[in-house]
Amino acid sequence: NAGVTQTPKFQVLKTGQSMTLQCAQDMNHEYMSWYRQDPGMGLRLIHYSVGAGITDQGEVPNGYNVSRSTTEDFPLRLLSAAPSQTSVYFCASSSDSQAEKNIQYFGAGTRLSVL
Amino acid sequence: KQEVTQIPAALSVPEGENLVLNCSFTDSAIYNLQWFRQDPGKGLTSLLLIQSSQREQTSGRLNASLDKSSGRSTLYIAASQPGDSATYLCAVGHLLGYSTLTFGKGTMLLVSP
Chain A
8 NAGVTQTPKF
18 QVLKTGQSMT
28 LQCAQDMNHE
38 YMSWYRQDPG
48 MGLRLIHYSV
58 GAGITDQGEV
68 PNGYNVSRST
78 TEDFPLRLLS
88 AAPSQTSVYF
98 CASSSDSQAE
108 KNIQYFGAGT
118 RLSVL
Chain B
-1 KQEVTQIPAA
9 LSVPEGENLV
19 LNCSFTDSAI
29 YNLQWFRQDP
39 GKGLTSLLLI
49 QSSQREQTSG
59 RLNASLDKSS
69 GRSTLYIAAS
79 QPGDSATYLC
89 AVGHLLGYST
99 LTFGKGTMLL
109 VSP
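As they're listed, the protein sequences go chains A and B. Counting along the first sequence from 1, when you hit position 70 you're at 77 in my numbering, and nothing is skipped either side. Counting along the second sequence from 1, when you hit position 57 you're at 55 in my numbering, and nothing is skipped either side.
Everything labelled a hint here was simulated from the structure, so no lab data went into it. Keep in mind that this is a model prediction, so the values were computed, not measured. It cannot be assumed that every hint is accurate.
To be verified - Here are the computed lysine-lysine pairs in the BS3-like style, where the Cα-Cα straight-line distance is at most 27 angstroms:
1. Lys16(A) / Lys40(B)
2. Lys16(A) / Lys103(B)
3. Lys66(B) / Lys21(A)
Using the sequences and the hints given, assemble the complete structure.
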């Protein structure tokens, strides 16, 4: 059982470049989220999805796009990278089923540097 | 807007001590509260989840309590070990937030042999 898989683990971009951070889960969870973690700031919600085709903004959505075409995948797109987007990005998934009780499962993270 | 505060920001104890980590939140209308562990350079591992209707949860040497009315949760670690050294994060689930979380900044714990 792989859980939540994020790729790549590390990435260096130049300002203005675009890229997609991948997130996949194999637990058939309805809910998926993206967070960024910055020193002294804690984790902050970027975007989230309650199911395929449904996404919404979190606390810090500017500069990021998401889509959810399947239950398994929830990619995060940076259209034009900026140094302020240097951070560690975490993807999470959960289910509201009686058994799962909304426990959040996190991926190992993607460490992104924008020069 | 929900705000989550964790005290202390850092804690250093000798092996074998019992310790308490504190978490407070400003809006009592929560869905649940989850404690995570994060090792340096790693992802988050869920330790305990307390539903809003529960008062506490236990797992091995860990016990988490929740007082929703006062906006407080504590994580109690019994007989601490060097392997417990990590950052502990408290996160509050939103009542209407579709499984999204608001995190505290964490408590960095160091247990020395």
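Next on the checklist: Hint by hint, where does the structure go against what was stated? Just the numbers, ascending.
Outcome noted: Failing hint: just 3.
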